[in-house]
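Listed in order, the protein sequences are those of chains F and A.
In terms of the working numbering, the first sequence is residues 1 to 255.
In terms of the working numbering, the second sequence is residues 1 to 67.
Worth flagging that the hints you see were computed from the coordinates, not collected in a lab.
Predicted model, so just to flag it, every value in this text is computed and none were measured.
A virtual CB, placed ideally from N, CA and C, is assigned to each residue, including glycine.
There may be inaccurate statements among the hints.
Facing chain A, from chain F, some residues (calculated, C-beta under 10 Å) [claimed, not checked]:
| no. | residue |
| --- | --- |
| 1 | R73 |
| 2 | A210 |
| 3 | G211 |
| 4 | V214 |
| 5 | V218 |
Partner residues are not named here, just some residues of chain F that face chain A (Cβ under 7 Å, in silico) [unchecked claim]:
| no. | residue |
| --- | --- |
| 6 | G16 |
| 7 | T39 |
| 8 | A41 |
| 9 | L47 |
| 10 | A48 |
| 11 | P50 |
| 12 | L84 |
| 13 | V125 |
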Amino acid sequence: MLTIAGKTFRSRLFTGTGKFSSSRIMEEALLASGSEMVTVALRRVDLANPADDIMSVLDRDRFFFLPNTAGARNAAEAVRLAKLAQASGGGNWVKLEVTPDPRTLLPDPVETLAATEELVKAGFVVLPYMNADPILALRLQDAGAAAVMPLGSPIGTNQGVLTRFQVAIIIEQARVPVVVDAGIGAPSHAAEAMEMGADAVLVNTAIAVAGDPVRMAVAFAKAVEAGREAYEAGLGARKSEAEASSPQGGLDFLR
Amino acid sequence: MMTITCNGEPRKIEREMSVEELMRSLGLNPETVVAELDGRILSRPEYAETRLADGATLELIRFVGGG
């Protein structure tokens, strides 16, 4: 069981709700994933489509909503979005995202730290999306972040855990849960992060844009479970030289 | 007749109404929409209590799919 800020989760797969081709496929995929925490964004209501409401699709008793601040370019915008999410009945949890550069969508560490400090003071449970910087992870923990969410690779790139070396240090030093977020493009990437000891992974694009999002959600659920099981079982050490699996003795009869 | 700015667009309002009445007239469920009026976030009970004034700037925001 994973615990973040006193709330427990059986599933270590968190899922995003963007980019699905229809509400029905999103709901089926999220149910199939077994995920208990889903991220949502905040936007102006499209007044031409008043009935297009994600809250009428997803059961909040089944899914814990984690509102994000996606689209914020600085701390002030992120804080404003977090307060709007809270007023929308989104609770006091927030996935803090501050991404000033639309080309890379990389998170701004200075603004993210400032917004974390402000939101923690305001009583929010803050899960900051961050570059895989071990020192920044410590600073965010010290500021009161309930978890840290280092990126595997940039959002939506499906490139996998390119930040493996830094993520390993973050996990080793963390006193709060580590959720590897962004860039996880295949179940093997999710398993890799979990084998390293990540507490959870957050996947959106890889499921939403799959040929069959429902089956891909199942595949991710299995990979996350397998990776966690392997981590808890204890992986064998990597070696640079071969070490035979079969006995070396008992071959006299050949020679 | 008065004009407000709703989600960045000018919108004519025939008669005096509350934020909640406007939401319903737009086909929105007030339970799932958050309102920011002239830069201030309204609490849910304020939707029915707050009248829209001429020239007001209203943002209607809600959750959408996101990562």
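Hint-by-hint comparison with the structure:
1. For the restraint placing R73/F at the interface with chain A, the shortest Cβ-Cβ distance is roughly 16 Å, beyond the 10 Å limit, so the hint is violated.
2. A cut of 10 Å between beta carbons decides the hint on A210/F: the least distance to chain A is about 14 Å, and the hint is violated.
3. Interface hint at G211/F: violated, since its Cβ lies 19 Å from the closest Cβ of chain A, which is beyond the 10 Å cut-off.
4. Interface restraint check for V214/F: the shortest CB-CB distance to chain A comes to about 16 Å, outside 10 Å, so the restraint is violated.
5. Evaluation of the V218/F hint against chain A yields a violated restraint, the C-beta minimum of about 19 Å exceeding 10 Å.
6. Below 7 Å, beta-carbon pairs count as interface contacts, and G16/F has one with chain A at about 3 Å; its hint therefore holds.
7. Of the supplied interface hints, the one on T39/F holds, with its beta-carbon coming within about 6 Å of a beta-carbon of chain A, less than 7 Å.
8. The closest approach between the C-beta of A41/F and any C-beta of chain A is roughly 3 Å, which is under the 7 Å cut-off, so the hint is satisfied.
9. Hint on L47/F holds. Least Cβ distance to chain A is approximately 6 Å, under the 7 Å limit.
10. A distance limit of 7 Å between C-beta atoms decides the matter here; for A48/F the minimum to chain A is near 10 Å, and the interface restraint is violated.
11. Contact between P50/F and chain A, as hinted, is supported at the beta carbon level, the nearest pair being about 4 Å apart and thus within 7 Å.
12. Contact between L84/F and chain A, as hinted, is supported at the beta carbon level, the nearest pair being about 5 Å apart and thus within 7 Å.
13. Because the smallest distance between the Cβ of V125/F and any Cβ of chain A comes to about 17 Å, over 7 Å, the interface hint for this residue is violated.
Of the numbered hints given earlier, the model fails hints 1, 2, 3, 4, 5, 10 and 13; all others are met.
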